[in-house]
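Colleague: Under this note's numbering, the sequence shown has 62 at position 59, and the numbering climbs by one with no breaks.
Check each hint, because a few of them may be wrong.
Derived pair list, reagent style DSBU-like, types lysine-lysine, alpha-carbon separation capped at 30 Å [to be verified]: (1) K135 <-> K56; (2) K155 <-> K108; (3) K108 <-> K72; (4) K135 <-> K72; (5) K135 <-> K155; (6) K72 <-> K26; (7) K26 <-> K155.
Simulated from the structure, these hints should not be mistaken for lab results.
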Amino acid sequence: MNDAVLTHLDSLGRARMVDVTDKPVSFREAVAEAWVHMRAETARLIVGGGHPKGDVFAVARIAGIQAAKRTSELIPLCHPLLLSSVVVELSLEDEHRVRIVSRCKLAGQTGVEMEALTAASVAALTLYDMCKAVDRGMHIESIRLLRKSGGKSGDYQAPSA
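Use the sequences and the hints to build the structure in full.
Modeller: Set out below in structure tokens:
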């Protein structure tokens, strides 16, 4: 039997922001990933520096960092967090796929999973936006939490994909 409850619902089933007032401050970290599939020509254009819009990876990285910092404005019941670190890395994994990995850290009363997921998602969307003129067939997939540590619920490690 699963004893899990939806913490963002009150006893009447109404949406609510979770009260973390009495939770102790602890170190928390979350890592998420997203994949963007594209034509080989598009990938070569990105890594070769020939894209007319500039450094696609740099812009996507900054967009992901900014998105992590603004997660509470995008996801209605997320707490605004004082993030201590956000890292977004993009890498060409083969001739057709870019892997985006985001890592968020803080010392706080609630987790940073949504911030890591938002960072990876927005970085992927930014990459798509910058390259859609040359490759309308790109697609984003496998946005997921890879791992998290800290907090009452403990650690989590995603199974291998």
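Colleague: Does each hint hold? Answer for all of them.
Modeller: Verification of the hints:
1. K135 <-> K56: Since the Cα atoms of K135 and K56 sit roughly 11 Å apart, the hinted pair holds (cutoff 30 Å).
2. K155 <-> K108: holds, 16 Å
3. K108 <-> K72: holds, 11 Å
4. K135 <-> K72: holds, 26 Å
5. K135 <-> K155: violated, 42 Å
6. K72 <-> K26: holds, 22 Å
7. K26 <-> K155: holds, 9 Å
Comparing the model with each earlier hint shows a violation of hint 5 alone; every other hint is respected.
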